[in-house]
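Residue numbers (our numbering), protein chains in the order written: chain Z, 1 to 592; chain H, 1 to 235.
Heads up, some of the hints might be wrong.
Computed, partial: chain H to chain Z, Cβ under 8 angstroms [claimed, not checked]:
1. M65
2. D69
3. L71
4. R97
5. Y99
6. K105
7. G107
8. F186
9. D188
10. Y191
11. I203
12. Y213
13. I216
14. Y219
15. R220
16. M234
Using 27 angstroms as the maximum straight-line C-alpha spacing, the simulated DSSO-like pairs for lysine-lysine come out as follows [what the hints assert, rightly or not]:
17. K430/Z - K222/H
18. K140/H - K422/Z
19. K6/Z - K279/Z
20. K140/H - K74/H
21. K119/Z - K389/Z
22. K430/Z - K218/H
23. K218/H - K207/Z
24. K207/Z - K222/H
25. K218/H - K165/Z
26. K430/Z - K201/H
27. K430/Z - K74/H
28. K130/Z - K119/Z
29. K222/H - K493/Z
30. K422/Z - K201/H
31. K422/Z - K222/H
32. K6/Z - K32/Z
33. K422/Z - K161/H
34. K422/Z - K144/H
35. K422/Z - K74/H
36. K389/Z - K131/Z
37. K287/Z - K579/Z
38. K265/Z - K32/Z
Since the hints were derived computationally from the structure, they do not count as laboratory data. Positions of the beta carbon are idealized from the N, C-alpha and C atoms, including for glycine.
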Amino acid sequence: MAKKLKEVDVVLVGLGWTGGILAKELSAAGLKVVALERGTMRTTENDYSVPHVRDELRFVHRHDLMQNTARDTLTVRNNVQQEALPMRRLGSFLPGEVVGGSGVHWSGHTWRWTDEEFKIRSLYEERYGKKFIPEDMTIQDWGITYAELEPYYDKFEYTAAVSGKAGNIKGQIQPGGNPFEAPRAREYALPPLTPILASQVFSEAAKNNGYHPFPRPSANASRAYTNPDGSHFGACQYCGYCQRFGCEANAKGSPHMTVIPIAMKNPNFELRTSTWVTKVLKDPSGKRVTGVLYTNTLNGEEFEQPAGMVALTAYAINNVHLMLLSGIGQPYDPATQQGVVGKNYCYQTGASATLFFEGRHFNPFMNAGGSNATIDDFNSTNVQFDRAKAGFIGGYNVGSGFNTALPIGYRPVPRGTPAWGKAWKSATAKWYQTAMNINASGAVMSNRYNYYDLDPTYRNAFGLPLMRMTFDYKENEHKMGRHAAEVINNLAKSMNPTALNTAIARTEPWTVVPYQSTHNTGGTIMGTNPKNSVLNKYLQSWDCHNLFVIGANVFAHNNSYNPTGPVGALAYWTADAIKNRYMKNPGPLVSA
Amino acid sequence: MKKDGFDRRDFLKSAVAGGAAAAAVSVPQSVSAQPTSAPSATASPGYAFLNPEEAAFVEAVVDHMVPADELTPKGTDIGLNIFIDRSLAGGWGKGDRLYMQGPWKPGVPSQGYQLPLTPAELYRNGIAAANAHCVKTYKKTFDKLTEAQREEFLLALQAGKVTFENGPPARVFFTTMYQTVMEGMFADPMYGGNKNKAGWKLIGFPGVIAVNYQNIEKYRDKPFPTNPVGISDMS
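With these hints in hand, go ahead and build the complete structure from the sequences.
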């Protein structure tokens, strides 16, 4: 029997970026806030310091900061005809499981998603006609606008020390920035990172091909910085150990060194680590949640934590899982297209070429998480790019630069090189420092048959059904992949490399190995009405008005960009809606 | 951008400004210092997991995949066998993060690893099956094969042309084995492989020290001095 604890105002399930932002904002507004986090406390001082943080084996290949699949994982399949089987170890994506969540081990790439996403169906129907959107492509408008979110993007960027170059300030195109971006109110918090040779060489080639390269905006402080909350950042050291690692210099904007310590100083806030929430509890009417059930994983004790309000702020996948386990909202069924919870799971796609330049020295071990250059000429933001001709919806960005090119995982050699022996060794020695990559990251449009539900067979360490992920790339992604591979290869050839591993568009089904991207989106999407979405534009549950669900799980489809920009902005947006509107008049913030 | 000098002292100051416990960082006496506890090339290292037959197999594999030449010593001389043994004896080998609940089904390749075996069990059974295959084909266990036969067998294993009767899938065994050889060659030397940073020196990877704020400009399109530092050098 669970021990019932004293009621608090707010329970947060998970303490990464979204939980940290809500913890700070809501405790400052006078609410009693408790955060329940599966992972343990890790600090820069103890856990991310030199020398022991510089350990590729431990952090990249043994997943030290990540979810432990022995305890909880998902089952996966490509289509409903297959039997889903458990992802027995991590591979394709890496949810974090420590205080700070995936915000500790991210690279820092911080983008603004625009109305090209938020109004996607309306805009495509307007520009290309209704028939241009395939019947099984379930893209829909998100119910929010860029203009509403702009101040919150700004707030997140200044909190996380995003370094970059504005391309559009209040409608004025800025030289050196991304000319396709939506207007922003002011410059980035910090100037761009120093470009590395690979991004420089790429930028020159991109310009020569008529494209518009710009430095990738990234939460890697290009110089020492104090954010508006008073959190201190060291300058990025281009140490080469960014993605998968905590930052020794506190140069990477992360919740464990910004919003979380501020919340921790507030007596209204309490953090309970090593706690595992198994269910969100509802009252008999089903119109309100009453708190959560959780287990202390240090001793197995079970607790009920009553709360006036619950916010799910875990990793995107785990937020959806908890909604399904708690029976809140109708689960989505692809056969009938009824129900909403689990709908519109999306991922990302890509293509990549490796260019070898005999005699050059790219020094791939010197880089920031985001010292890349990028072009948006084929991305959703470029409305001039003719989709009717290209034959697909959405877009992709193309970039170059190294991000955590450590030697167990990164040893480029020309195709056809033996995998071992003297020839392998000499090729590895010859090419390690003389190669660079050009990568495309592509959007994935939502599809009727890509979704989550609960697995009928496999269970986690708490005896609960695993989440089941049904996902594969569809024709839209394949067309985009072919387009991207061609653009990359033409660009690469124009650079006259000594050798070239060309980009090859993917044709195989999505697979759980190897690592691809921790950008899993959708499942509890925001939208304009309860028939087509789980949450309203304030990320408030249509079913239970005192439940908020925050993360990339609210995205109605996926873009080619990294998701953390809008995730952070939406967390601030939701915190404001709770503080300024919901607390004054608890109830639905949008009438259904 | 401001291009002021930025050495290690500045880095420590900036780390303090950033809240990191820079005091915990010790500067190495010499960047070329080697761990004194590393076993010599000739001393018997002692195995924590591999039995003699398995050890002979692993030693033969790592010496074949990483032969001695002017670039590096051979695999056993840079501890790749020790790295593999310690990995199999430790948490990873015992499947500490592996979801190990049935039912067990082969699935399709896109569903990834589906065997009811920990990495250590996969290695043990894979070696037994590989040796059985070699005995059947060449009348000798793998470690007794000629260089040409070893090459032929490993290439067939890599290409999925070998089937283990009643054993784990040969290709899955190969993939795991190959991954551990590469991990041993390029992981920090404190794990037993990459002895004297042979793997890092091969490619010019600098290891732990990575304060490159000014090096981005200083070494732009220039070779970076190869003097790698491991975790134990700084501990």
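Hints breached by this structure: Violated hints: none; all satisfied.
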